[in-house]
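Chain order of the listed sequences is A and B.
Quick note: to get the numbering used here, add 74 to the position in the first sequence (first position is 1).
Quick note: to get the numbering used here, add 83 to the position in the second sequence (first position is 1).
Some hints could be false.
Have a look at the derived ranges for each label pair, beta carbon to beta carbon [claimed, not checked]:
| no. | chain 1 | residue 1 | chain 2 | residue 2 | range |
| --- | --- | --- | --- | --- | --- |
| 1 | B | 370 | A | 209 | 30 to 36 Å |
| 2 | B | 208 | A | 218 | 45 to 51 Å |
| 3 | B | 380 | A | 179 | 20 to 26 Å |
| 4 | A | 160 | B | 254 | 35 to 41 Å |
| 5 | B | 207 | A | 372 | 41 to 47 Å |
| 6 | A | 319 | B | 207 | 41 to 47 Å |
| 7 | A | 273 | B | 185 | 56 to 62 Å |
| 8 | A | 161 | B | 410 | 47 to 53 Å |
A few chain B residues that don't get close to chain A, going by computed Cβ distances all over 12 Å [what the hints assert, rightly or not]:
| no. | residue |
| --- | --- |
| 9 | 178 |
| 10 | 228 |
| 11 | 444 |
Pairs of lysine-lysine residues, derived as DSBU-like cross-links and limited to a Cα-Cα distance of at most 30 Å, are as follows [said to hold, decoys possible]:
| no. | chain 1 | residue 1 | chain 2 | residue 2 |
| --- | --- | --- | --- | --- |
| 12 | B | 171 | B | 274 |
| 13 | A | 166 | A | 200 |
| 14 | B | 364 | A | 331 |
| 15 | B | 367 | A | 331 |
| 16 | A | 166 | A | 201 |
| 17 | A | 200 | A | 183 |
| 18 | B | 364 | A | 399 |
| 19 | B | 124 | B | 171 |
| 20 | B | 209 | B | 274 |
| 21 | B | 227 | B | 209 |
| 22 | A | 166 | A | 183 |
| 23 | B | 367 | A | 399 |
FYI, nobody ran anything at the bench for these hints, they're computed from the structure.
Since this is a predicted model, take the numbers as computed values, not measurements.
Glycine residues also receive a C-beta, built at the ideal position from the N, C-alpha and C atoms.
Chain by chain, the residues:
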Amino acid sequence: MPEPLLEVKNLRVHFPTEDGIVKAVDGVSFAIQPGETLGVVGESGSGKSVSFLTVMGLINRKSAIVEGEVIFQGQDLLNVPKEELQAIRGNKIGMIFQDPMTSLHPFYKVGDQIAETILAHEDISKKEAGTRAVDMLRRVGIPRPDERARQYPHEFSGGMRQRAMIAMALSLNPDLLIADEPTTALDVTVQAQILDLIDRLQSEFNTAVALITHDLGVVAEHCDYIQVMYAGRLVEVGTADDIYYQPMMPYTWGLLKSIPLLTAQEERLQPIRGLPPSLIHVPEGCPFNPRCPYVFDRCRVETPQLLPVDGFHAAACHLSLEDRKRIVEQEVLERT
Amino acid sequence: MSTTETLATPPPAKPTVEPLVRLEGVKKYFPITRGIIFQRKVGAVHAVDGVDLEIFPGETLGLVGETGCGKSTLARVVMRLHSLTEGKLWFDGRDVSNIRGRNLRDLRRDMQMVFQDPYASLNPRKTVGSIIGAPFRLHGTIPKNKVKGEVQELMELVGLNPEHYNRYPHEFSGGQRQRIGVARSLALRPKLIVCDEPVSALDVSIQAQILNLLEDLQNEFHLTYLFIAHDLSVVKHVSDRVAVMYLGKIVETAERDSLYAQPRHPYTGALMSAVPVPDPKLAKAKRRIILEGDVPSPIDPPSGCRFHPRCPRTQSLAKEQGLTDEHGAPLRFVPKCHDEEPLLTDQGPGHTAACHFPIDTRIIPVDIDTEGPGASP
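Isolated chain B (complex conformation) (with noise of 0.2 Å):
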């Protein structure tokens, strides 16, 4: 199993400090089932497929990958909104991966979540109040006299006005109902939040202004962020270090900075040169690569490396080596990638991929390193 690879290669980024949250091996399958009285298993889900992942205490952990990767789930695990089939999950340096009852409920005190849809994730038949105060009813944490006071701080907090409390969700906007929904998330002082594609619903001119929210935020709770997007643009903003999925499978992490200047994986490649660049020029200069197809489905991934029926990187060098099928037709891909599967090794400190054929060609042809008044030391 995967577990003994990550604990030979000690975690390189901040060594002397524990994680918040660890992971383990950690899997989730959602069983598929026949018949209505007698049902069988007739097959699985394989949502998350044997994750290690650390996020340690301050700093933004971006998730990125398509949809049906299994981002959102895995979200839900590290939550407990789902239980694990397999492996491990630690928070704050407890084994939490088999809690339930009482001892959950408590833990959820220190986890929150922000949800992508703000218009499906609060209740519309309760007043603004009502849901950023819903923690502390639960909870428990302060009297019932004082959880007006304290929601309307916490409204101000996130940039709504707080005379705006016995307001309806439908009143306001999208951006200020994920504002809501950051509130709600923040009651309890959480250490850690969850923020599943939290601006993917939202405009641009919008979305920046809940970016920078969130980073405050940051800045003034010490809070630690899961940080769930598609877009690698996004990601790029608010995170410290990025991972990216793939089929239920981490295919990289890396050190912002690092993953950005050179990603190793042929998929974040991909996911790089398919962001928008709003400038024609880079835009007709950037390297363009065009992912075939969708995710393959999770019930049957395919063997060896997941991400090889897609690969760009496998195919063109299948196709400088000529390589051939049995029967004479051009293969679309490296036998190694069809039949091992690669694991996360090092790419460099605090970078990992798990390719046997990483790229090292740069995705956006400036060099930002190098280039530019704004260019860092």
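Here chain A stands alone, though its shape is the one from the complex (with noise of 0.2 Å):
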């Protein structure tokens, strides 16, 4: 295997508050190969944007406790200094967010929020940068990038922002670019448009993503691997075909049966039970077992591991791989 583009080892990011400590983030470990699409899926809370926000750097470390690894290109992002971590921020990971209207600044023309990004990394003149965010803004689809160039955030529509965001974060030609819910605040319609554009630029660029999102839906097509996340930890792992075929993990069954499909005959939903669990207080043993409806007296006790099922595919749960298989076939992939 060649060398990983982001390794992240045993990543632990908990926030003392008054109330207890937050463990948003709790022993988490994953790669990231060049050029390739992760998925990472899991409920509001689940951990999934903290543990991206403290590979960018962008955690408060004065009011989090942060523990683990973060490899970026041979280098611990965790430890190096301020002025490195901002020379890779931008440069070599760029970063789009789920709400286009809040991360554009209303005041500043979007051209020159684009040419801002390259003059703050590179050494060339402002027309220069203003050139290349025109070519940018081209690049991701908006018509008339020279008259959109010169207009402000409030000019623009959802979907127009989210491309001109797009257009920000690859101005740079990033290797690794961590798109956290880029499309939950948009209509379908708009949401096929944005994943078809990040689809199209990945290989353009030959960029690495990281799809942050709550809905297994819209990872399906565009992802390699795909990572489950719950209540800070990763609970299943796998290829797309592995997490939407075989999947071996009772919260993935849940999310699965919870998205209404086009295909299914049924009438009713099966939703996950509950609400996603308090961070400060996560339940003991496997941190899904007050909502699973396969739960047994072990996981009460003893948190499950994330173990190998076969080849890259892993899950966290004590059933046993047979009970799995078969609850898969009977009640989970019946629906399809």
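Join these two chains into a complex; the hints should help.
Given below as structure tokens:
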């Protein structure tokens, strides 16, 4: 296997608060190879955003306890000086966020904001940076880019703003693009456009992408690998085919079953019962046990480890593999 | 005006039942003005532009469309939160297009709304008990000393712990807040509940809980829903009939199964193809129609068929026929789509679409009527 682009080892991010320690990320390890797409799936509060904000160095280290290693191109990002981190951030790693309105500055023209990103990292003239900003806007499919570059964010629609954000994130041709729920605030039609755009640009620039989402439907066609997070931990990792056709963890089943399908005949959805746990009082044993329909005694005392199922596929569950295979056949895949 | 056409074609679905809500040629324009003291009207946003629609008692009508197509405005017109610019609105056999004051207030008892954003639609400084109890206090339907008991009953009904009566909205998660919104809307036992994107802000796992709750309540109280969403897969699970809206107009209406088996309007097809499918193989096999651009401005909607500048169907037809404009450049649409506005025409039982060249190819390649173990007869 070639050297991974990003390797996260045993990452822990804990926030001490008055009510107790919020264990937002609790021992997460994964790797991203150059050019591949990793889907990160989980509910609100599963730690998926926090783990990638930590990778970006966007977690205030004064208010959080961060442990583990984040190795990006051979460098541990948790231990590099601020100046070096700034040179990597934006330049080597780009990030786009859920809400494109709050991530663009309302007072500055869109083209200027993109040019500013380029100027922060490269020693070129303002004019050149402006030309490149327009060129990036063109590449992300914004019509009349030279006119659009002179407009303000409020003159853009939601989809257009997200395109502008992507243009900004890719303007320095980063090796890794982190997309944190990039389409959650958008219409399905625009979502399809944006995901397609990310796909296209990825092959054009050979960028690795981490696509963070709560919707397993979104990542199906766009990701090589998928990891499912729950209560700050990885509970299942595998290729897209593993996760959709041979899922091995009750939480993944719950996520798959709760998606309304266009193709299914059944009338009633099967939601996951209960609510995501508080990250201060994570349930003892398997964090999913209070919501799991297949819970038994061992689940309440012992935390399951992420164990290999076959090949790259791994899951954290105490149920025997045979039982899980049977349940998948009988209850999960029968919908489609 | 389009009114005459609707009357000419009798409603094919449940013709003997009187609709609970009937809209006829409903228009809602918002004026755009210039000047501070002497305001001149310089234009109008054509948010809803001639809609005929019927909602029958006990059914769920799904209303689908992109942001900016006027679906929320239409919902507010039905609720009479907006006045009508033109057209007629009937509720329960009564013309309510122009009623005001006391009559309007009494009407509101029978229609309630669940909003999209469970964070913005609940007053953060009021307790849950007082939020859910507000309709009782406003309408005075039950004596004051009985409000608390009634509210706690409602809370239990929607799956909230009645002991949380004195808590504030910020103490609840998004899904629970939406339950509070549902409980409030149920308080006066309305006949119609308008749900404006009630699950768009929620995680998928929680979304399914709310959809099931709405379904249970409908069965229990014989509610009628107008259910608005931009996601066709969500609408499929709750609706009996579906209406697709584009730029202020209804472009397709059909019974749920008929619509999903074979959408006729290219816009419906595009919406359907945009729904993410949680199945990598099917996702790659499905027909992908990526719509270009956004919904055009409703201030100056395109001529002819409003969808023609984005329509993949008219584009491919124009290409097939090798159509060119006067300069010899290839046309991106068939002239008929540009010049002539299509009207809603019959496309099968209970199925209407407003398109000159309706589509007849499947979007999802799996034949869901004949394949698979769970196929219906």
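_Those earlier numbered hints the structure runs against, lowest number first_ = When the structure is compared with the hints, none of them turns out to be violated.
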